[in-house]
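Listed below, chain by chain, are the residues.
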Amino acid sequence: NAGVMQNPRHLVRRRGQEARLRCSPMKGHSHVYWYRQLPEEGLKFMVYLQKENIIDESGMPKERFSAEFPKEGPSILRIQQVVRGDSAAYFCASSPSGLESDTQYFGPGTRLTVL
Amino acid sequence: AQSVSQHNHHVILSEAASLELGCNYSYGGTVNLFWYVQYPGQHLQLLLKYFSGDPLVKGIKGFEAEFIKSKFSFNLRKPSVQWSDTAEYFCAVNAYSGAGSYQLTFGKGTKLSVIP
Chain Y
37 NAGVMQNPRH
47 LVRRRGQEAR
57 LRCSPMKGHS
67 HVYWYRQLPE
77 EGLKFMVYLQ
87 KENIIDESGM
97 PKERFSAEFP
107 KEGPSILRIQ
117 QVVRGDSAAY
127 FCASSPSGLE
137 SDTQYFGPGT
147 RLTVL
Chain X
2 AQSVSQHNHH
12 VILSEAASLE
22 LGCNYSYGGT
32 VNLFWYVQYP
42 GQHLQLLLKY
52 FSGDPLVKGI
62 KGFEAEFIKS
72 KFSFNLRKPS
82 VQWSDTAEYF
92 CAVNAYSGAG
102 SYQLTFGKGT
112 KLSVIP
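For the protein sequence lines, the chains are Y and X, in the order given. In terms of this note's numbering, the first sequence is numbered consecutively and its last residue is 151. In terms of this note's numbering, the second sequence is numbered consecutively and its last residue is 117.
Calculated directly from the structure, the hints in this document are not laboratory data. Just so it is clear, CB atoms sit at the ideal spot from N, CA and C, and this is done for glycine as well. Wrong hints could be hidden among the right ones.
Unchecked claim - Examples of chain Y residues lying across from chain X (beta carbon under 10 Å, computed): (1) 38; (2) 78; (3) 97; (4) 101; (5) 129; (6) 142; (7) 149.
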């Protein structure tokens, strides 16, 4: 019974490069959330997706960040032209539909370091 | 907008001591409340949650939390901590955002160090 999977666990990029973070939700879960954790801060909501749809992106920076959750395959958080301020831990969470949809289960996170 | 505050940044206890971690939230409507734990090097795990009903909620590993609506609080307690409870603890609330999601709002976390 695999939990939420994220890869890579650690990612190093130079300024100006692109970062792609992947998230595979738990089996049977159709809702995906992305959160960012800056040093000494709590997790901050970024975006909520269902298959092929972005439902709520109110926490996403307006530029350089995008997310998708295709019909097949993992959800991807993409950061273009990374800057040092993007260095953070990025967590994905998934939830099922129905009565338990309020409860989110987290992956191990991807720690992005921008040099 | 919702907000969550956790009173203590770092708590140090000896084994067998009792634990209480404070959490207060700010939101005018109905909320769901959560405590998550992050052990060193591991991902966030759900400790317990409150949706409705009995305000005293029991979770895994002997933890419990009490929802006090009048104080907007959801403090986490454990009567006797163990060294293995060393971790970071996050309080979170969610409410339907109106944009279709139940996004979680987290506190900044409390690091707990238990000394053997």
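Answer holds if the nearest beta-carbon of chain X is closer than 10 Å to that of residue 101 of chain Y; otherwise answer violated. 16 Å, violated
Answer holds if the nearest beta-carbon of chain X is closer than 10 Å to that of residue 129 of chain Y; otherwise answer violated. This hint holds: residue 129 of chain Y lies near chain X, its Cβ roughly 8 Å from the closest one there, short of 10 Å.
Minimum Cβ distance from residue 142 of chain Y to chain X below 10 Å? 4 Å, holds
Any CB of chain X closer than 10 Å to the CB of residue 38 of chain Y? 13 Å, violated
Is the interface hint for residue 149 of chain Y satisfied, with its Cβ closer than 10 Å to some Cβ of chain X? Violated - the Cβ of residue 149 of chain Y stays beyond 10 Å from chain X, reaching only about 17 Å at its closest.
Mind checking the CB of residue 97 of chain Y against every CB in chain X and telling me if the closest is under 10 Å? 16 Å, violated
Under 10 Å, Cβ to Cβ, is where residue 78 of chain Y needs to be relative to chain X, so tell me if that hint holds or is violated. Holds, because the Cβ-Cβ distance from residue 78 of chain Y to chain X comes to roughly 4 Å (cut-off 10 Å).
Hints 1, 3, 4 and 7 from the list above are not met by this structure, while the remaining hints are.
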